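Undergrad: Now for the letters of each chain:
6 protein chains.
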Amino acid sequence: MKGFDKLLDQGKFLRSKENYEDSKAVIVGVPMDFTVSFRPGTRMAPRKIREVSYGLEDYSPYSDDSLNDKKYYDAGDLDIPFGNVGKSLEIIERTAAMILKDGKIPVFIGGEHLITYPVVKQVAKEYPELKVLQFDAHADLRDTFFDEKLSHATVMRRVCECIREKHLYQFGIRSGVKEEFTFAEQYTHMNLIDVKGPFLENLNELRGHPVYITIDIDVVDPAFAPGTGTPEPGGCTSKEILEVVSCFRELNIVGFDLVEVSPINDLSERTSLLAAKILRELLLAVC
Amino acid sequence: MKGFDKLLDQGKFLRSKENYEDSKAVIVGVPMDFTVSFRPGTRMAPRKIREVSYGLEDYSPYSDDSLNDKKYYDAGDLDIPFGNVGKSLEIIERTAAMILKDGKIPVFIGGEHLITYPVVKQVAKEYPELKVLQFDAHADLRDTFFDEKLSHATVMRRVCECIREKHLYQFGIRSGVKEEFTFAEQYTHMNLIDVKGPFLENLNELRGHPVYITIDIDVVDPAFAPGTGTPEPGGCTSKEILEVVSCFRELNIVGFDLVEVSPINDLSERTSLLAAKILRELLLAVC
Amino acid sequence: MKGFDKLLDQGKFLRSKENYEDSKAVIVGVPMDFTVSFRPGTRMAPRKIREVSYGLEDYSPYSDDSLNDKKYYDAGDLDIPFGNVGKSLEIIERTAAMILKDGKIPVFIGGEHLITYPVVKQVAKEYPELKVLQFDAHADLRDTFFDEKLSHATVMRRVCECIREKHLYQFGIRSGVKEEFTFAEQYTHMNLIDVKGPFLENLNELRGHPVYITIDIDVVDPAFAPGTGTPEPGGCTSKEILEVVSCFRELNIVGFDLVEVSPINDLSERTSLLAAKILRELLLAVC
Amino acid sequence: MKGFDKLLDQGKFLRSKENYEDSKAVIVGVPMDFTVSFRPGTRMAPRKIREVSYGLEDYSPYSDDSLNDKKYYDAGDLDIPFGNVGKSLEIIERTAAMILKDGKIPVFIGGEHLITYPVVKQVAKEYPELKVLQFDAHADLRDTFFDEKLSHATVMRRVCECIREKHLYQFGIRSGVKEEFTFAEQYTHMNLIDVKGPFLENLNELRGHPVYITIDIDVVDPAFAPGTGTPEPGGCTSKEILEVVSCFRELNIVGFDLVEVSPINDLSERTSLLAAKILRELLLAVC
Amino acid sequence: MKGFDKLLDQGKFLRSKENYEDSKAVIVGVPMDFTVSFRPGTRMAPRKIREVSYGLEDYSPYSDDSLNDKKYYDAGDLDIPFGNVGKSLEIIERTAAMILKDGKIPVFIGGEHLITYPVVKQVAKEYPELKVLQFDAHADLRDTFFDEKLSHATVMRRVCECIREKHLYQFGIRSGVKEEFTFAEQYTHMNLIDVKGPFLENLNELRGHPVYITIDIDVVDPAFAPGTGTPEPGGCTSKEILEVVSCFRELNIVGFDLVEVSPINDLSERTSLLAAKILRELLLAVC
Amino acid sequence: MKGFDKLLDQGKFLRSKENYEDSKAVIVGVPMDFTVSFRPGTRMAPRKIREVSYGLEDYSPYSDDSLNDKKYYDAGDLDIPFGNVGKSLEIIERTAAMILKDGKIPVFIGGEHLITYPVVKQVAKEYPELKVLQFDAHADLRDTFFDEKLSHATVMRRVCECIREKHLYQFGIRSGVKEEFTFAEQYTHMNLIDVKGPFLENLNELRGHPVYITIDIDVVDPAFAPGTGTPEPGGCTSKEILEVVSCFRELNIVGFDLVEVSPINDLSERTSLLAAKILRELLLAVC
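Chains as they are written, first to last, in my numbering: chain A, 1319 to 1605; chain B, 1319 to 1605; chain C, 1319 to 1605; chain D, 1319 to 1605; chain E, 1319 to 1605; chain F, 1319 to 1605.
Do not rely on the hints blindly, as some may be mistaken.
Note that the list lumps identical chains together, so a pair holds whenever it fits in one copy or between two copies.
List of simulated lysine-lysine pairs, DSSO-like, C-alpha gap at most 27 Å [said to hold, decoys possible]:
id, residue 1, residue 2
1, Lys1342, Lys1467
2, Lys1342, Lys1484
3, Lys1419, Lys1443
4, Lys1514, Lys1405
5, Lys1557, Lys1514
6, Lys1342, Lys1439
7, Lys1388, Lys1496
8, Lys1439, Lys1419
9, Lys1484, Lys1389
10, Lys1496, Lys1342
11, Lys1496, Lys1484
12, Lys1389, Lys1496
13, Lys1496, Lys1557
14, Lys1405, Lys1419
15, Lys1557, Lys1422
16, Lys1514, Lys1467
17, Lys1443, Lys1405
18, Lys1388, Lys1557
19, Lys1405, Lys1467
20, Lys1439, Lys1557
21, Lys1467, Lys1496
22, Lys1388, Lys1422
23, Lys1422, Lys1443
These are calculated hints, taken from the structure and not from any lab test. Computed from a predicted model, the values in this text were never measured in an experiment.
Required output: the full structure, derived from the provided sequences and hints.
TA: This is how it looks when you write it as structure tokens:
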């Protein structure tokens, strides 16, 4: 019936129409937030980010490039059993493996930060020299949290177990327990508080290397990204993070995730809008 | 690609999968709110009602019946030119005509109340003896509003020009200018403030007749439906409106609309949830 | 230091000062909401209900009685591992067992509805003839939910496995899948939509029996209790639930819980205030 | 300059144009909320109620009467020194005296409930047989509050000192300390929880008498009136209070106030809208 | 009546008391937002900006100058027919013409951005060499939007048709379709993302020229100005825009507008407060 | 009873466990906001700041130091008579005197800014050469406000009467009446708008001197600190204020307060979180 076919694409990020086979990057949403201690709610993020992307232009003046000709596929949200951490991580890992096996770049939208672990696990298998870039207010380097090994607060410690020493680069970190900073001194490149400066300083060293990027939206100050579970005042501006993201095209990105957006704390929707813009720049960088 | 096919149906009301051809009722969203004087925002309603319907069960304990086997089709939102009232009404009218010509029941989700006019215009052509049931806090019977003939405040006056005298039944009315109530005395069946009582009294008289039902969500008290443009304290409860809607299956409904839900004023989403429940009962009644 | 000793009691429900040993009822908060599918956030409820109880009077005009002379103890919140359902239920169960062993009445504040299961499990051991009264918008009688046996949507099915057939009394139910209603017909006393009427009808039959009461706050309409995870329009008023709760003193209550209050969706705090009032009446009834 | 003269009347309640001299009733706003213990914010009420009255019709279907021909004057807000209770009460009292001396009916909009005291003090001088009707969730009958004699929690006790014994009629009361209820037994007509029933029962007894009416908006349930400082679940509906207010025309009202509306807690504005409707009915009753 | 005369000036911006005849600048509010596609609501802006201006000081430390001695007149809001774009633009244009004919500077408060078009049309007639400065996140240079020539998304294209080539200066632009940027290359001075730097670079070139300034509040980052219809993360700070506005006194401003403030999305009111401050600086610059 | 002892410390800032006797700094909350003219609500701040501190780490990467070994004591909130300014200030002053007499550093959490006056009064007695550092958007230097000498708008004028001329250093000031700026020229060191730059310039001059620091949270831009009574756009970022606060350890701080946080306007809680972080850095600096 003519005139009535609009609805079919509404649910997809920036109206992606490509099919899976031809795509270069594959977007997967993960509505998981069970291990969060403070304010859950990130499970609604993938849907919300897609919804607000409806108002975003395909064209980016930041990179003078348009998503129109790019080949990416939005695969929708994973079906995960609420409250079952083990099974959920398994499903994420299996999905990442499948995308990698098909020669595509996995792009995961959280959900909580823990989802980074199963993805990096698979990406690191494919790229043993993988370097991981973490943009985050929190170190996330504890060994355990409330006695649990798998938590949003331990995720980057687990990630460190998948990659080589000193292959984790951390930017914007401004919260953690003493032990995390001691660990970081020896095993990671940690940059405190600042984001753009340290990133540009490391850019040359990173060029060419296969890199995985994980952005915890709380790296940005809660003024710009109030919609997150553990807001941490003192972060960078939205303008600054967009300047950093615009440089991603100079990197060899083999995987990416964007986590901890929490629509329930985002009345103005500006956090989801910022996430959608970051995602657009990222897709322009890798496709 | 297996496991990734979930997203396609997300945008539809209660995951309707039927195709247009086999359907008995056709849902159409109309994102229009230009003539509103107080608080615009109802244009976001069709999408929001679909979104919250995701959490609604197919089965209704109110009518012990399930939408699973019902044939309805969600055609999505109409593309209307923002700010152009004339063209927008034309598009709505044409759409209603098409659905009626195909022998189906039109179900419109507003948007503002003015959308009722072009739909009833077409339905009344098909059913000259049509009776219209209006559930509303406001009479909407002015002849003009700010000198305009076509407005959310004049819509039922226009509707009266399409149907026979005294064929409009109004329930829950509790606001208007003196002239509207004078007009109503002569030309409509107006019931003040109360909803369920007067409806049940009229039920017998209405049975068998082709009826068109228009529900302005503000007939319900703003405690239960805060998400609306011109909230009017002193309305019925959500329990009461659901009891009334459960009786709709005793009527011969040939068209229906639900208008004035405004998601921007509905932080708790309970207005959209109530609208989705009303819509479910309605579809159970007509399919 | 004089004048500075106020703070110590701030965190407790209605400034309870009694110690554990002398208490008749013991309040325990459970900040758990991992299995929730729609809107998590109930983990913040125990703290919030205590906080708003600060503005509540000890004296109740509903029962002309005061909490001043009652012996109850607020034990604070349980330490549970976020995301670990199994371990969390174990901790709850162990706590309930301890309270029962000490001859006291367990009063649990959720958190999600699943917490009812481990508590009833222990209470039913103590009282094999136990009858359970459930006030809820949802049947919660599924056998599995997303393949999981332990979920907020299956909790009352699990509870049924702990008590005798037809020993579950359900009030206010207005949502569920077909199978739940079929199950209920055979195995429970289910009362649809209405609360006060059916409760009063059953009151005589229940008198004397050991009863456990679980109140899911969503039994109340979202107009009165917007702060909940799965709001279901069409419920009872706050006045009605308070009238019902005032009758609890005629019952032989051996355990109680109040679940699914979600402060994050409760901007006006009226849901937490209602919960605190219910809790006050309950404590007056059992102490 | 033609076409530009609209603004002058915007700030007034329902566009009152009358001058003071010809008016029968005089509206005065009192932006005072200093003695409030829980949530201040009622000082913004008079302005807000005027603002939302802009969307209210002059005509009332409740009483089939219109404000168009009524003589009332909106005198604006009093200038009071923030934080200075004594001086503020003095200013209120002087204003009430002036209005009464001019043979007009004082209509005060709070602000906190304490403002009732200085007004009744003057009205009772004029009408020694004055009966006071209080619609309120709280008894407000303490002798002191935090050692202060003048407080929102003691106001009706002070009022009792201005009028004869048993000349205070209280409706909807559902909170207070034990002592208040003991006092009420001897010195007032207190009706618990219910509003409309008790009011109708007392109506005959009150007819003819000079009466002063004070409505604390929290008599209405927080579902209908969330915008108030000490919300108390279990109150009446907005429909019920409007039915009661519609009967006020049968009384001989010589003074009136409406207090404790708090716009800051009234996101949907429905509390202010209800207040404006109550005020309209009241003005229709006395003018 | 003494002490009661406060209200008359409440509705005006910063209590402007001057009459029209003596004024140098005339403020006009335009409650229009019909052509907006995403989030309407800007129609409430003029009233809200006036309301919050009540808390603003007359004196500005930014320019060490006070509005006390300045001659400006707040003419209130235009009466426009909701939903009728053509008639509304006509009314705006006629008003601008009248103000210009009287030798005064028009200062319009939106409403949506489309209102700039009829104003500039008249100003450009008076000043054929007019240069227009646009501070905006969006280029607004489309030729048509949803087939409409007159829309908030095409307004600066229409403006370009009223002034000479390359006489439009754009600052802060960070969103648009490819075609707009191509158009800008040839016909406007477009500055991407940054605001203060490019403005200062152009300041000398602009000095002396008659200039019209249009500020779309979304040029500021949504962290500082969340109350707008199409928030675009990555903008300037409120401090930066105030620094720019403080330089306006060096220009020969012959007309001005401030658009797209949307109070409904501005819970903290900081967007309206920023708008009021900008307006104060502007009036200080031109009076 | 083991496992149930968690609650006792919940109400304290960052779980302070120290007793008063051994402490070096003593935190006192003052729930006072009676003299506020615009938006009251700061009385809830002390409790809220303690509540959110629960999610804050003891360790600070800003100063590479941890609160674990520091000796500070949270004494809770003062009991003050709501609405009685005189008595309240007396209580505050007496408390400050007691803390100083015991050789400890007073740390007050407001409440409104007026509370600074009684504290400084006592501190200045102890340290006649005291210099006061004020971080604030408003000068607060009026002599009277609405005829009152004691007000949040006159507080720093009163403070000036307690210390030597030119011993008040003001940073970030961007609002006030002309007279305040004239006064400042002669009697204080006032720095307009900027915060970090001027502070660093004055740092050397201040080193060694006994200093009292008062931070009005509105010195920070409302984007970062929306939860305040009189938001003033154009302030510094949260990152900037934290950088400044990190330098406090270079000063000889003998007293401190943090005022004007208003939880009711702080939906995202980021203002309270920022306040808690500032407080942590301050305690690290003085203990």
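Undergrad: If a hint holds in the structure, say so; if it doesn't, say that too.
TA: For each hint, the structure was consulted:
no., hint, verdict
1, Lys1342 to Lys1467, "neither (34 Å within a copy, 38 Å between copies)"
2, Lys1342 to Lys1484, "neither (29 Å within a copy, 41 Å between copies)"
3, Lys1419 to Lys1443, "within (11 Å within a copy, 53 Å between copies)"
4, Lys1514 to Lys1405, "neither (37 Å within a copy, 42 Å between copies)"
5, Lys1557 to Lys1514, "both (10 Å within a copy, 14 Å between copies)"
6, Lys1342 to Lys1439, "within (20 Å within a copy, 49 Å between copies)"
7, Lys1388 to Lys1496, "between (44 Å within a copy, 15 Å between copies)"
8, Lys1439 to Lys1419, "within (14 Å within a copy, 47 Å between copies)"
9, Lys1484 to Lys1389, "neither (33 Å within a copy, 37 Å between copies)"
10, Lys1496 to Lys1342, "between (41 Å within a copy, 23 Å between copies)"
11, Lys1496 to Lys1484, "within (19 Å within a copy, 42 Å between copies)"
12, Lys1389 to Lys1496, "between (44 Å within a copy, 19 Å between copies)"
13, Lys1496 to Lys1557, "between (31 Å within a copy, 21 Å between copies)"
14, Lys1405 to Lys1419, "within (21 Å within a copy, 36 Å between copies)"
15, Lys1557 to Lys1422, "neither (30 Å within a copy, 39 Å between copies)"
16, Lys1514 to Lys1467, "neither (31 Å within a copy, 41 Å between copies)"
17, Lys1443 to Lys1405, "within (20 Å within a copy, 32 Å between copies)"
18, Lys1388 to Lys1557, "within (24 Å within a copy, 37 Å between copies)"
19, Lys1405 to Lys1467, "both (15 Å within a copy, 14 Å between copies)"
20, Lys1439 to Lys1557, "neither (31 Å within a copy, 34 Å between copies)"
21, Lys1467 to Lys1496, "within (18 Å within a copy, 40 Å between copies)"
22, Lys1388 to Lys1422, "within (13 Å within a copy, 41 Å between copies)"
23, Lys1422 to Lys1443, "within (15 Å within a copy, 55 Å between copies)"
Violation of the numbered hints given earlier is confined to hints 1, 2, 4, 9, 15, 16 and 20; the remaining hints are satisfied by the structure.
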